[in-house]
Each structure stands twice: as structure tokens, then as C-alpha cells.
Amino acid sequence: MAKKSIGPVRREFSPWESPDHPPFIEFRNVTKKFGGIAAVNNLSLKIYEREFFALLGGSGCGKTTLMRMLAGFETPTSGQIFLDGQDLAGIPPFRRPSNMMFQSYALFPHMSVEKNIAFGLRQDKLPASEIDGRVAEMLRLTKLEQFAKRKPHQLSGGQRQRVALARSLAKRPKVLLLDEPLGALDRKLREETQFELMNIQEELEMTFLIVTHDQEEAMTVADRIAVMDSGELVQVATPAEIYEAPNCKFVADFIGDVNLIEASVAEKTEAGTTLRALGTEFTLETSQTTDAGVGDKVWYAIRPEKVRIAQGRREEGAVNQINGLVWDIAYLGDVSIIHSKVGEGDHDTLRATFANVSRMVENPITWDDEVVLSFDRDAGVILTD
Amino acid sequence: MAEEHVAPPVKRSLGGWLLIAVPYLWLLVFFLVPFLIVFKISLSQVAIAIPPYTPTFDLGEGWQAFWENFRELSFENYIWLTEDALYWKSYVSSVVIAAISTILTLLIGYPIAYGMARSPQAWRPTLLMLVILPFWTSFLIRVYAWIGILKNEGLLNQLLLSLGVINEPLVILNTNIAVYIGIVYSYLPFLVLPLYASLERLDGSLLEAAEDLGCPPWKAFWKITLPLSLPGVIAGCFLVFIPAVGEFVIPDLLGGSNTLMIGKTLWVEFFNNRDWPVSSAVAVILLMILVIPIVLFQNQQQKMSEKDG
Amino acid sequence: MTRGPTWFNITSLALGFSFLYLPIVLLVIYSFNASRLVTVWGGFSTQWYVLLLHNQQLLDAAWVTLRVAFTSASIATVFGTLAALVLVRSGRFVGRSLFSGMIFAPLVMPEVILGLSLLLLFVAMDQARGFWTVMMAHTTFAMCYVAVVVQSRLVGFDKSIEEAAEDLGCPPVKTFFLITLPIILPGVIAGWMLAFTLSLDDLVIASFTTGPGATTLPMKIYSQVRLGVTPEINAVCTILVALVTVGVIAASIVTKRQQVQKERDERAAFGADTAGTS
Chain A
1 MAKKSIGPVR REFSPWESPD HPPFIEFRNV TKKFGGIAAV NNLSLKIYER EFFALLGGSG
61 CGKTTLMRML AGFETPTSGQ IFLDGQDLAG IPPFRRPSNM MFQSYALFPH MSVEKNIAFG
121 LRQDKLPASE IDGRVAEMLR LTKLEQFAKR KPHQLSGGQR QRVALARSLA KRPKVLLLDE
181 PLGALDRKLR EETQFELMNI QEELEMTFLI VTHDQEEAMT VADRIAVMDS GELVQVATPA
241 EIYEAPNCKF VADFIGDVNL IEASVAEKTE AGTTLRALGT EFTLETSQTT DAGVGDKVWY
301 AIRPEKVRIA QGRREEGAVN QINGLVWDIA YLGDVSIIHS KVGEGDHDTL RATFANVSRM
361 VENPITWDDE VVLSFDRDAG VILTD
Chain B
1001 MAEEHVAPPV KRSLGGWLLI AVPYLWLLVF FLVPFLIVFK ISLSQVAIAI PPYTPTFDLG
1061 EGWQAFWENF RELSFENYIW LTEDALYWKS YVSSVVIAAI STILTLLIGY PIAYGMARSP
1121 QAWRPTLLML VILPFWTSFL IRVYAWIGIL KNEGLLNQLL LSLGVINEPL VILNTNIAVY
1181 IGIVYSYLPF LVLPLYASLE RLDGSLLEAA EDLGCPPWKA FWKITLPLSL PGVIAGCFLV
1241 FIPAVGEFVI PDLLGGSNTL MIGKTLWVEF FNNRDWPVSS AVAVILLMIL VIPIVLFQNQ
1301 QQKMSEKDG
Chain C
2001 MTRGPTWFNI TSLALGFSFL YLPIVLLVIY SFNASRLVTV WGGFSTQWYV LLLHNQQLLD
2061 AAWVTLRVAF TSASIATVFG TLAALVLVRS GRFVGRSLFS GMIFAPLVMP EVILGLSLLL
2121 LFVAMDQARG FWTVMMAHTT FAMCYVAVVV QSRLVGFDKS IEEAAEDLGC PPVKTFFLIT
2181 LPIILPGVIA GWMLAFTLSL DDLVIASFTT GPGATTLPMK IYSQVRLGVT PEINAVCTIL
2241 VALVTVGVIA ASIVTKRQQV QKERDERAAF GADTAGTS
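Chains as they are written, first to last, in this note's numbering: chain A, 1 to 385; chain B, 1001 to 1309; chain C, 2001 to 2278.
Keep in mind that the hints were calculated from the coordinates and are not lab data. Treat the hints loosely; a few may be bogus.
As the list claims (entries may be wrong) - Think about it this way: if two alpha-carbon atoms lie no more than 25 Å apart in a straight line, the pair counts; the simulated BS3-like pairs of lysine-lysine are:
no., chain 1, residue 1, chain 2, residue 2
1, C, LYS2262, A, LYS149
2, A, LYS125, C, LYS2262
3, B, LYS1303, C, LYS2159
4, A, LYS33, C, LYS2174
5, A, LYS174, C, LYS2174
6, C, LYS2159, C, LYS2262
With these hints in hand, go ahead and build the complete structure from the sequences.
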């Protein structure tokens, strides 16, 4: 049988998997306190060269603070930060080899696009010809050639964002920090820009660190994602691993939609675990193993698209099948989401999602239908917290 | 980011300290130290000498001389001030005149500020300019202009006489009424500007909500607009009342000999009687009277500057 | 406030502005009155202006006043801007309340107190009174006004622009001169103009702190006014009013034009965005 892997897409680039590969950026036991409250709590993280790394989390999780400490605008209360082997302690922002693209763009209103982009280069006292060359290159990269002489107030939101990007890349920093850069753009522009960012990052072979609260954005652009909550790392993994192998309920719930089934461990074997769902008493057989003991309570996390739904009733003795009653339907055009009640309690519902692959369907599923929901042995993940 | 931000102790470089030090030292020397000197002089006695008071402290004379001089200081001047009715009447009269003038300025200024806030957006820069323009022209000139209007042969009386409204010229100049007119006229921009700023920030949808809930417009003004404009009202009143208490030019040019204002008293004491110690004592007491309103004003300013920051 | 003006609003505006401007207008008219008396209109005449040009004392006083105003305004602007920076950016430090107290107090302090205290300081310092003492006195109270004006500009300032400059390699002091100052410049200029006007106009403090040879124009006007209304004074006042009016109107027109241009640019750029050509 062919070896199985997480997710349907294979990635070639994975320096984090080799233990000898030195990290490019390292946070070592970094804590940051404001007053008595820790915004970042004893956090350690390794980021590798040429990664597009995302810090993902809700408001107040500490992701922006972490990035600002790397940029030099905040000083860690304790711990160390290394960039390309150099300890950044005591180095002020204007001497760090990192550059930041600000959420508000922070363009200099009294300078033209050209002068904005050239600003960082002029601080380094580069010769004028070289500055001109770099500026031209950046204008070409971000397709801003015709706007070179304009001032920020003469540009649209999307154009200003590109100027901010060009300005922060002009110095070829060791790492580019992006602080929620796409929040102000409308949906279509945001998607286009995400792909542009990825292309630029690959073309320039740079390390990018992006802070965002938008999980779709993180999943789209990042090589690896760090999910943060209350100043701590919850999980650091590739998008596929985060989605298909979350390590706790918080991550499972934070990214995408998920069914969390409360169950107790009935039996543990080498081939997998048998769970008994609480409330509905149906038996789950999964190929996952768990550290929890027999009789312990766990959650089984299964994504709605992994749940198959069909009209009819469960076969006697079949495993990973349960009867349900269609409760609610959300028809989104490309997909349909079906909520079904599988037991007496209010929480005994399962969501199933499927792509509407056929335009014309005989006898489609509707409200109050009796349905059977089923899934494979490796469709879900056992979570203990 | 909704992170809790308690201001941490700032690590300051040498440049940071220098930034603070320059204006700080200037103000200490030229604002604070003079007050201490005024206090010291208020404890001295008048003398026919240069400078016209005694004792004078000369650091060169040594410690012994310093102590002898120190013992000569006394509160004599303050006692004298309390004994002479002229002085405490002046203080009371100044506060009363200033208070009445402030209320009059408010009654006249509020409709102006309100009218400005309600006017179309296109008019506002022009209206603002019109309010500020008199402020840029000389204060002295504008007070002086009123002399020509208010005196017995002045324009106001000419107008009223020719219209037949009165038979004899009204005596306005050199009375307290002229002082009220003068103060209101001169300080009007100081009240209108902060009040306008406060009214302009008012969210129009609050008034619409009130009307939607059944509240007639005039009532909405009393219950919503007025209370919300209170910070502007208070700031404006402070900016009128406090300097008006110590005002000199207006009572001197427009007031009469029975217009008792402490600013005038201090001036006369200093320039005419050449009594520096008594002038200083007058100033100290005036300062003590004003200290509470000044501190209140500063607190309000401080709160407002922090709020926006 | 969005609702349109009512009749009450328009009337109060009209009355209010008439009240504000009437005395000034009358002054201007009477400066051209051939007769000395206010009661009689003797016909249009510019004789008082001619007499003014030959009044050496007045002209000297005007020159002193201009020099004092220019010098004190310039120094006050520098100190006031520094003070505003401290107020907005320096966070907490020992003696901060005293500092902000010293900035806000002179704004409301009666001038007789300021004048008296400064004079006594100069006497204690054994400093001869004249041009320099008036100048220092004006600088002191003017810097507080400048601080308040610049502070309001700084408070609305987007700090991330300074952070961006630092992030791109610009040390803090250089950032102030290259980035912050150009952006707050309108506020700094407004502060200078305010300081200039306050100095130009000051009577009380100048009277206390000046010395022989440094009589200012307000002092001269005041001493002549005490003797009675003189038409020459009307002429002086009219000239000052005319100068200020021209200045303020010019400034308003320039600002308005800049504002209109800015709005036009922003609208054009926004159009480009929605048309999808970004």
C-alpha cells in the first residue's frame, strides 16, 4: 500500500525538517510584559531562510508584539532574539537588517513615490547611480513606473500599498516583516496581491514574516504557520498539517470549520483506537492512536468535507456510520453545507459539506430528510484538549 | 491590536534629557523663579533706593548678612492690605466683574459658536477666519475704538439722540458698563473658538436619534447639545474669567475712577506710588485667588491632550 | 453637526460678527476724517497719514516693536516646538506635572502678574532693562502659546511614519528633521505667527520689562490715548488692521487652494482604484 501523507499537495521546500539546518531567525524564551501583563510569554521559535512564515491569531494574542520586537520597536522583558546568527539585543531599529511594511503603509506624505522608495537607500549613503538603479528595479517589480513622481495622496489604496512594499524591499533586508498588510484592500485585490507577494518572495529568494488574523491569507501565502493565543505558540506547522492534523481544539476550531465529537476511549490497539461518542452512543473506529487511556474523555475532530452524506439509513453493524435528520442547509453555490441532528441533545449535530459537482441532480437532499452520515477511518483526529 | 498598554518607564538617551531640559530650564528661570522673587519682595519694605526696596540680598556679603536681611522680612505689607478697604474691595470687585463678564461673553458667544457649527461646510473656513481676524488685530486698538463709540459725544450717543430714543447722552464711558462691554468684546474669540471646536465634533446623528424618539428640537438642544458641549464651555469660560480678573487695559481706558479692579490697583501701586513691595503683595494675593481656577484649567487641558494622544 | 442653520443661527451670526467688526470699521472710517472730532465729519482726508509719516517717535516705536516681535517669535517657536515634543512624546518623567503646569499657566495668567514678576527677576539679576529684557519676556509667554498650537498638531500625527523612517535606517534626530518637522510645519508656522502677533500687541508686559530707548508701539499708542483720542492714532491703527487683514486673507486663500487641490488629487486617485486600473 502506498505511503500516505497529510494533505493532497506535496511541498518541496522544508528546511525545518532537517535538524542540522541552522535557523535564520530565532526567538529564545522571549517574554514581553506591559505593566504586569505578559503579551508574549516565554516563547521560543525558529524560522528558516527563504521561508514565508505567518504568525496567525486573534486580537491580543501577541503576534504584532513579537514582530515589533524583531523590528526593534519593542524590547523583550527577557529572552533573546537572533537574526542570521546575530544577537539583536541593544540594536536600535535603524541599525537592524530587517525592514517592515506597516499596516497603515506609513508613506511619507511630503515625498514622491520615488523619494519614498529611495529613502532607506539614502540613509545607507549609497552612490546616487546605484540608488537610481534600485529604485527603478523596485518600481518595475511593483508595476509603479508611471506613478514615480506622484505623492501619496495622489494614489489609490492599492497603489499606496505597493509603494509601501517597494520601499520596504529596496534595501534587500534579511527579513521582510509584513504587519497585516492586506487588511485595507477589497477581496479581489487582496487575492491578487497575495499571489503577487508569493511570487516576489520566491523571485527575490527572501525571508518573509507576515502577521495576520485572516486564516485564509495565512494558509494561502505561508510555508509554515504559527498559531498564537494569549502570548504563546499553540501550533507551528505547514498549512496542511495545521488543517488536517491540529494538535488541540483551539487550532481545530480556529482554522476552517470542524465537527468536534465528544467521545470516550473504548479500546486501544496497534491498528488504531475505538471511541464511543457520548450522548449518541455510536462507535467511531479510527486509525489514529492516542495517549489518552481507556475510559478517558477525548474529542474527535473531523472536517465537514470528510463527512459523506446520503439519503437512507445505516446498515446494521456498519462502523463509522450514523443516522441523522437534516436540520439546516446552507447552499453556497459551489458547496452545500448540511447540518444534521444525530441525537437528542442540542449539540448532537454533524456538519457535512460537499461540492456541487453536478448541475442536475435527481432527488436532491432537502430539509427533514432521513440521511446517513459516514466517514473513513483516517478522516479525523483525536484531540485531548 | 487590543493589547493592554500601561506606559512603561521610558529609557531615555542623553538627547532625550536635553530635549526636556532646554524648555524646562527656560521656564523655570523665567516663569517660576520670578514668582519666588515676587514673594520675597512682598515681604520687604519700600525704600528710596535703587532698587526701591529693602532688604536686598547680596550673595557677596556672606552668610551673616544673609541672615540679618532675612530677619528683616515680614508680613507687614499683607497686614496693611487687609486693613485698607480699597484692596480687598478691589479683589472682590475684580472677581465679580470678571464673573459677570464671563457670563455675558457666554450668552453672546454661544449663539455665535452654535451658528458656526450649524452652518454649511463651505462657509466654515470663512467664518473661522472672520472670528480669528479681530484677534490678530491689536487688542489695544480695539479697546481704544470703543472710547470713540461710548463717550458722551461718541457715535452711540449720536445715533440714539438722532433717532430720538434718548434726550440726553447716556453716560457709558468711565463706568462699569463700559468695562463689561470691553471685556466681552475683547475676549469673545477666546470663548467662541474652543466652544466651536467642541460643538463641531458633536455627532449629528445623536440629535436625529433624539428626534426619532419623539424629542422636539429645542428640547434636544437642552438635553443633548448643551451637556455635550460642556467641555468647550468650561474651557472658554476659564480662558475669559482668569485673565479678566487681573485685566488692566480695559478698566484703565474704559472704566471710571470708581471702577475697582485689582490689575489697575497693582499698576498704580507700582508705577505711580513706586511701591514695589506692596505691588508684589497684591500680586501674590491675586495669584492665590486664581490658583484654584488655574489648576482646574490645567487639569482639563492635560486631560484633553492625553485623550487625543 | 449636520443639520442646516435656522433663522436664529443666521441672525446670531450676523449680529455677532457686526458686533465684532463695528469698532474696527468705525476706526478705519474716522482715520480719513478731516476733522479731529468724532462728532463732526469734516470730509475725506489723508492728512493724518501724512502726519504719521513725519512722527519720528511713532516710527521709532514701530521699528522697536517689529524687531522685538520678530526675534521673540523666532526663539519662542523653537522653544515652544521643543516643549510640545516633550509634552506629547516624552512620556512620564520626574517633574512632568510641573512642566505642563508651567506651559499652560501663562496662557491664562493676568499680564500684570507676568510683567511684575519678570521685571523683579531682571532687577535681581542686575540686568539692564531694554530691548533684550522685553524680548526675553515676550519669548517666555509666547513659547507657551506655540507649544499648545504645535502640540495639537503632534497629537494627531501618525507615529508609524516615524517608525517607518527608523526602520529604513534613519536615526531618531534625523527622522525629526527629515520627516516630522516638514509634516507639522503648518502648525509651527501658525505658532510663529501667533507669537509674532502677541508680541506686536503687548502693552502690559512690555511696560514692566522695557527700558529707555526701547519704547514699543503699544506703549506709545497707550500714552497718547490717555491724553485723548487723536486721529493720528486712528491712522496707525488702520494701517495695522490693513496689514493684518491682508495677511490673514492671503493665508486663508493659500490654505484653501491647497485643500481644494488635495481633494481633487484624492478623488482622481480613488477613481483609478474603482476603475480597476490600479
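Handout entry: Pair hint outcome, LYS2159 (chain C) versus LYS2262 (chain C) [Cα-Cα no greater than 25 Å]
Key = Answer holds: LYS2159 (chain C) to LYS2262 (chain C) is near 22 Å, not above 25 Å.
Practice task
Sort out whether LYS2174 (chain C) lies within 25 Å of LYS33 (chain A), counting only the CA atoms.
Solution key: Cα-Cα ~30 Å, so violated.
Problem - 25 Å limit on alpha-carbon distance, applied to hinted pair LYS125 (chain A) and LYS2262 (chain C) - result: 33 Å, violated
Practice task
Would you check the hint for LYS174 (chain A) and LYS2174 (chain C), treating anything up to 25 Å between C-alpha atoms as holding?
Solution key: 24 Å, holds
Practice task
Take the C-alpha atoms of LYS2262 (chain C) and LYS149 (chain A), compute the straight-line distance between them, and say whether it is at most 25 Å.
Solution key: Within the cut-off at roughly 16 Å; holds.
Practice task
Mind checking the alpha carbons of LYS1303 (chain B) and LYS2159 (chain C) for me, to see if they're no more than 25 Å apart?
Solution key: Cα-Cα ~20 Å, so holds.
Checked against the numbered hints above, the structure breaks hints 2, 4 and satisfies the rest.
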